[in-house]
Structure formats: structure tokens, C-alpha cells
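Here the sequence shown is numbered in our numbering, starting from 397 and rising by one per residue.
Quick caveat, the hints were computed from the structure, so don't treat them as lab data. Do not take every clue at face value.
[As the list claims (entries may be wrong)] Below, simulated DMTMM-like cross-link-like pairs (lysine to aspartate or glutamate); rule was C-alpha separation at most 25 Å, straight line:
no., residue 1, residue 2
1, Lys503, Glu492
2, Lys618, Glu641
3, Lys633, Asp689
4, Lys503, Asp594
5, Lys633, Glu492
6, Lys503, Glu531
7, Lys633, Asp443
8, Lys633, Glu615
9, Lys618, Glu598
10, Lys633, Glu719
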Amino acid sequence: MIRAHAALAATRPLEPWSYEPAPLGHDDVEIAISHCGVCHSDLHLIDDDWNRSSYPLVPGHEIVGLVTAAGAGSALSVGQRVGVGWQRSACLACDECLGGDENLCAKQQAVCVGHPGGFAERIRTDGRFVFPLPESLESATAAPLLCGGATVFAPLLRLGVDATWSVGVVGVGGLGHLALRFARAFGCEVTAFSSRPDKRAEAQRLGAHHVSSSSDVRELRKHARRFDLLLSTAPAKLDWVAFLETLRPNGVLCLVGAPQGLMSFPPSQLLGGQRSICGSDIGSRAAIRAMLDFAARHGIAADVERLPMAEANRAVERVRRNEARYRMVLEN
Numbered sequence: 397m398i399r400a401h402a403a404l405a406a407t408r409p410l411e412p413w414s415y416e417p418a419p420l421g422h423d424d425v426e427i428a429i430s431h432c433g434v435c436h437s438d439l440h441l442i443d444d445d446w447n448r449s450s451y452p453l454v455p456g457h458e459i460v461g462l463v464t465a466a467g468a469g470s471a472l473s474v475g476q477r478v479g480v481g482w483q484r485s486a487c488l489a490c491d492e493c494l495g496g497d498e499n500l501c502a503k504q505q506a507v508c509v510g511h512p513g514g515f516a517e518r519i520r521t522d523g524r525f526v527f528p529l530p531e532s533l534e535s536a537t538a539a540p541l542l543c544g545g546a547t548v549f550a551p552l553l554r555l556g557v558d559a560t561w562s563v564g565v566v567g568v569g570g571l572g573h574l575a576l577r578f579a580r581a582f583g584c585e586v587t588a589f590s591s592r593p594d595k596r597a598e599a600q601r602l603g604a605h606h607v608s609s610s611s612d613v614r615e616l617r618k619h620a621r622r623f624d625l626l627l628s629t630a631p632a633k634l635d636w637v638a639f640l641e642t643l644r645p646n647g648v649l650c651l652v653g654a655p656q657g658l659m660s661f662p663p664s665q666l667l668g669g670q671r672s673i674c675g676s677d678i679g680s681r682a683a684i685r686a687m688l689d690f691a692a693r694h695g696i697a698a699d700v701e702r703l704p705m706a707e708a709n710r711a712v713e714r715v716r717r718n719e720a721r722y723r724m725v726l727e728n
């Protein structure tokens, strides 16, 4: 039996719950979980905001631990320290998978959707979506990299960001604080946008050269035609017309957080400067491996608050109230 913490119904607090794991498959591994991050996606699943949750539901998809058992086909070894992110499997046969975009597979499955996740003592999952961790990455601060870090790193990699780029990061939170660190390590000129004046000094500590308001249109206009890339991590409804004006010709607004409501802007803002808007969905296995190596090389880690696994509800509530600085991590 595996002991875990589960929501027994939508919006309910987590309760102790045990389950019998499925037999270990050919490519599977069993992991003794040492750390698991708490992501906003976990809250959406607990509350069934996406109408895809089934209960009992064990959240958690930013997992670090040690391999305790491995199927006959697994390339991982017992005792190896590994990480697991949002994705647990894909068909590995479609055009997207064969092209290295397993995260876009129509048949991909998530770690904690229809399967028990990482708010537990152990987990069994497909070892082909499990990643050995570089030795220099500390387990607790590496756990949020498996989802949050991959989410902000993947578009930087895919869009070809380099040290000549000027990058704006919208939102200084769980995703945004990692985006600032990665963009700074790429050598970019980095500007943080936040609606909270009290985060200005914090954003500079995290890597921003400049800090600006995300809600003051007059301040946004001072950045006209400045950015090659705007990476939006914020779920808030913002003045996207003003933000698009901060892009240089051929600039890109990339969404990694889902803004509230509909985005509205005149098409001329895209046509006139050949600007574009795109989204980015977690990261492929290759992108996650590259992200972990990059983080180890540049000393990038998440700012975390740690709580025992037994206090999972307290951690969830801190995330729900946007009180975490900047990621909650549960420890066994």
C-alpha cells in the first residue's frame, strides 16, 4: 500500500488515503518521494476547475525522490535520484512524439490526472518520463523546476533567445521568479512587470535589470518597441494593447500563464510590426533535460517554503492565497 493525501471530492481539504499501486510495468519505476512542489495546477485539479478530475485525487507533479524499483526495460537504476514533472506518458509514435514534442501528443497523460500524484510517500510511473537530477541541484529547490522551471525555460529555448534579446517577464510569482533567473542567465536584458510595488526590490534580486508596473499604462508606454519577447506568467486580466506596443517589430508575446477572460487588441498591432502571440505548454523531455543541465550550470533554483507532507493542506492554502514565496514544497 502507498500512503498519500487525497481530495475525496471537489474543493474538499486533503485527507490521508492509501491505495494499492498498479504492478510495475516494463518501463516503469517506483520512486520514494522526498520532495513534491505545490503548483497552482494542483489547486485546479483539487477544485475540478478543468472538469477533468476524478476522486479520490492525489495531487502533486513536481516530484523528487530515489528510485526503489525499476521495470526490466527501464534505463534508471535503484538508488538513483530523479525528478518527475507534469507528464507521465505519451504514445511515442505520433508525428509530435517522433518530432520530439511529446508534450503535444494527443494521447499524453498527466502524472496526477487519472493517476495518483506526488502528495504521497511513493509513486509508480513510466520511467521514460523520469529525469536523473544533476548532483549540484538540491532536492527541495529543484522540485519546482520539474514543472514551473520547464514551463518558462521551454519557450526561451524554442524561440532561440540569446544574449542580444531584451526580455520582459510579466508577473513575479511561482513561474515569474524562475523566468527572471533563466532569462538573466541567458544573458538577456531583463525587465520584470508586477502590479505590486513591494516586489520591485525582490524582482531585482531575482535577476531583473529593470522593474515596471504591469497595470500603469503610462509606465508601460515608456517601454514602447523595447522587447524582443514578453513572457507572460500572470493569470490576471491586463491591458494587452499596451503590452503589445512594448514589443519590437518581430517581437513575440508568449503566454505560459492563462489570463482571465478574452484577450482583445486591434489586428493592426500584429500586422504593422509583424508581432506575434503564442502559447507554450510545459516542455518536451529534451527541453526538461536541457533545463536541468542549464539550471545546474548556472546555479538556478526555486525560492521555496518547506512544510512536512503531513501539512499538505496548509501548503495548498498558502498557494491558494498567493502567500507562497515563491513555491511551496512538501517534504517526506
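**Asked** Is the hinted pair Lys618 and Glu598 satisfied, with a Cα-Cα distance of at most 25 Å?
**Response** Cα-Cα ~22 Å, so holds.
**Item:** Holds or violated: Lys503 to Glu492, with C-alpha atoms at most 25 Å apart
**Value:** Distance ~11 Å between Lys503 and Glu492 Cα, so the pair holds.
**Asked** Taking 25 Å as the top limit, are the C-alpha atoms of Lys633 and Asp443 close enough?
**Response** holds (21 Å)
**Prompt:** Does Lys618 pair with Glu641 here, judged by a C-alpha cut-off of 25 Å?
**Reply:** Satisfied, since the Cα-Cα distance of roughly 10 Å is no more than 25 Å.
**Request:** Mind checking the alpha carbons of Lys503 and Glu531 for me, to see if they're no more than 25 Å apart?
**Result:** Distance ~33 Å between Lys503 and Glu531 Cα, so the pair is violated.
**Asked** Does Glu719 lie within 25 Å of Lys633 when you go C-alpha to C-alpha?
**Response** holds (20 Å)
**Message:** Can you confirm whether the C-alpha distance between Lys503 and Asp594 stays at or below 25 Å?
**Reply:** Not satisfied, since the Cα-Cα distance of roughly 43 Å exceeds 25 Å.
**Message:** Does Glu615 sit within 25 Å of Lys633, going by the straight-line distance between their CA atoms?
**Reply:** OK: Lys633 and Glu615 at ~17 Å, within 25 Å.
**Asked** Does the alpha-carbon distance linking Lys633 and Glu492 stay inside the 25 Å limit?
**Response** violated (32 Å)
**Prompt:** Within a Cα-Cα threshold of 25 Å, do Lys633 and Asp689 meet the stated pairing?
**Reply:** Not satisfied, since the Cα-Cα distance of roughly 34 Å exceeds 25 Å.
In this structure, the earlier hints numbered 3, 4, 5, 6 are contradicted, and the remaining ones agree with it.
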